[in-house]
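Asks: Residue numbers (the numbering used here), protein chains in the order written: chain A, 14 to 127; chain B, 11 to 120.
It should be emphasised that the hints constitute simulated quantities derived from the structure, not laboratory data.
The model shown is predicted, which means the values in this text are computed figures rather than measured ones.
Careful: at least some of the hints might be erroneous.
Unchecked claim - Output of the computed footprint for chain A on chain B, the stretches with three or more beta carbons under 8 Å from beta carbons of chain A: (1) 53 to 59; (2) 96 to 109.
Stated by the list, open to error - Restraint ranges, calculated between C-beta atoms of paired labels, are given here: (3) B/62 / A/21: 40 to 46 Å; (4) A/31 / B/54: 39 to 45 Å; (5) B/91 / A/93: 23 to 29 Å; (6) B/17 / A/97: 35 to 41 Å; (7) A/83 / B/90: 39 to 45 Å; (8) A/33 / B/34: 23 to 29 Å; (9) A/35 / B/49: 30 to 36 Å; (10) B/65 / A/26: 46 to 52 Å; (11) B/92 / A/71: 41 to 47 Å; (12) A/78 / B/72: 39 to 45 Å; (13) B/120 / A/97: 37 to 43 Å.
Glycine is no exception: its CB is placed at the ideal position from the N, C-alpha and C atoms.
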Amino acid sequence: EADIYQTPRYLVIGTGKKITLECSQTMGHDKMYWYQQDPGMELHLIHYSYGVNSTEKGDLSSESTVSRIRTEHFPLTLESARPSHTSQYLCASSRPGTPAGTLHFGNGTRLTVT
Amino acid sequence: TQLLEQSPQFLSIQEGENLTVYCNSSSVFSSLQWYRQEPGEGPVLLVTVVTGGEVKKLKRLTFQFGDARKDSSLHITAAQPGDTGLYLCAGGNTGNQFYFGTGTSLTVIP
Numbered sequence: 014e015a016d017i018y019q020t021p022r023y024l025v026i027g028t029g030k031k032i033t034l035e036c037s038q039t040m041g042h043d044k045m046y047w048y049q050q051d052p053g054m055e056l057h058l059i060h061y062s063y064g065v066n067s068t069e070k071g072d073l074s075s076e077s078t079v080s081r082i083r084t085e086h087f088p089l090t091l092e093s094a095r096p097s098h099t100s101q102y103l104c105a106s107s108r109p110g111t112p113a114g115t116l117h118f119g120n121g122t123r124l125t126v127t
Numbered sequence: 011t012q013l014l015e016q017s018p019q020f021l022s023i024q025e026g027e028n029l030t031v032y033c034n035s036s037s038v039f040s041s042l043q044w045y046r047q048e049p050g051e052g053p054v055l056l057v058t059v060v061t062g063g064e065v066k067k068l069k070r071l072t073f074q075f076g077d078a079r080k081d082s083s084l085h086i087t088a089a090q091p092g093d094t095g096l097y098l099c100a101g102g103n104t105g106n107q108f109y110f111g112t113g114t115s116l117t118v119i120p
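Looking at chain B on its own, in the form it has when it is part of the complex:
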């Protein structure tokens, strides 16, 4: 089993603050994906990163894949209540197997 640890597990912040979520593993992955899940729904893909050191931006969200392709981070600038949800990282291998992280539950307080 390829274990991905996310930190923090829970995060509650005020609207407008910045935050970073981390996803760490001892395994190397061919790709790293971030999903967001809202209550009562399935996870929805936010981004895929595939190259070590890659940085992708999606509006106020910045995603980075570690140089060694073992870890990743998600940074949110000026968080909004609409960012509230469960954030999940998932490591992928060439066989289209996906291993999910332990999850970070984010609450943004208006």
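One chain only, chain A, in its complex shape:
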């Protein structure tokens, strides 16, 4: 049962368009993350948030931006899409735990920029 939802699942868009990838979770988790993943490869952290009005950049430089106005919602925006942005984008939230939390992932948005 999915408690973290990403839309759209697939998106094909032309160069220069502005896009927003949606991510919502119903678990009340404070921490949320965006990862970028090429098919069958490792995950790269591009953004994360510790809670409302908190956003940080991850290890992989990204031209995208994020916002966290509500606990359950963590959208990612690309102002001007380019072919280099073609990838899968995975959203996750973290259940607190001592000493380790647990990441819950959505099913991802596969973005293709033509």
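Starting from the known structure of chain A, arrange chain B on it as the hints suggest.
Replies: Only chain B this time, still in chain A's reference frame:
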């Protein structure tokens, strides 16, 4: 950046064989997690290990955390086609930051 290297990167085996996947780092982590990802889906947590030397078993899967908490291994006994997927290790720190390994793509041939 805390880099985790997984080996092998790709593995194709026959049903019934055993295999081991390794996850190595030069950094110490407070926890080490293993996830499995199937095509078109997000990764799903398999196990979390937190104590150096800890061993956990999940049916045919055995997970071990190195004594120094820098490395981990995943051993699968009698692999089945349902085990096919991308296996990812992730090192965690006390700030709930997770650093993912380079991934191991496993194919089990019936």
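Asks: Each hint needs a verdict: does it hold in this structure or not?
Replies: Verification of the supplied hints:
Coverage of a stretch by a chain is defined here by at least three residues with a beta carbon nearer than 8 Å to that chain's beta carbons; for the region 53 to 59 of chain B and chain A the count is 4, and the condition holds. Chain A is given as covering the region 96 to 109 of chain B, and this holds because 9 residues of the stretch bring a CB closer than 8 Å to a CB of that chain, at least three being needed. About 43 Å separates the C-beta atoms of residue 62 of chain B and residue 21 of chain A, a value consistent with the hinted range of 40 to 46 Å. Under the hint 39 to 45 Å, the C-beta atoms of residue 31 of chain A and residue 54 of chain B, about 32 Å apart, miss the expected range.
Here the CB-CB span from residue 91 of chain B to residue 93 of chain A is close to 43 Å, at odds with the stated 23 to 29 Å. A hinted range of 35 to 41 Å for the beta carbons of residue 17 of chain B and residue 97 of chain A is inconsistent with their spacing of about 29 Å. About 42 Å separates the C-beta atoms of residue 83 of chain A and residue 90 of chain B, a value consistent with the hinted range of 39 to 45 Å. Taking the beta carbon of each, residue 33 of chain A and residue 34 of chain B are about 38 Å apart, not inside 23 to 29 Å as hinted.
Taken as a hint, the range 30 to 36 Å is violated for the pair residue 35 of chain A and residue 49 of chain B, whose Cβ atoms sit roughly 22 Å apart. Between residue 65 of chain B and residue 26 of chain A, the C-beta spacing of about 47 Å keeps the proposed range 46 to 52 Å intact. In this structure the supplied range 41 to 47 Å is violated for residue 92 of chain B paired with residue 71 of chain A, their Cβ-Cβ distance being about 32 Å. Range check, residue 78 of chain A to residue 72 of chain B: about 42 Å between beta-carbon atoms, so the 39 to 45 Å window is met.
Checked against the hint of 37 to 43 Å, the pair residue 120 of chain B and residue 97 of chain A passes, with Cβ atoms roughly 39 Å apart.
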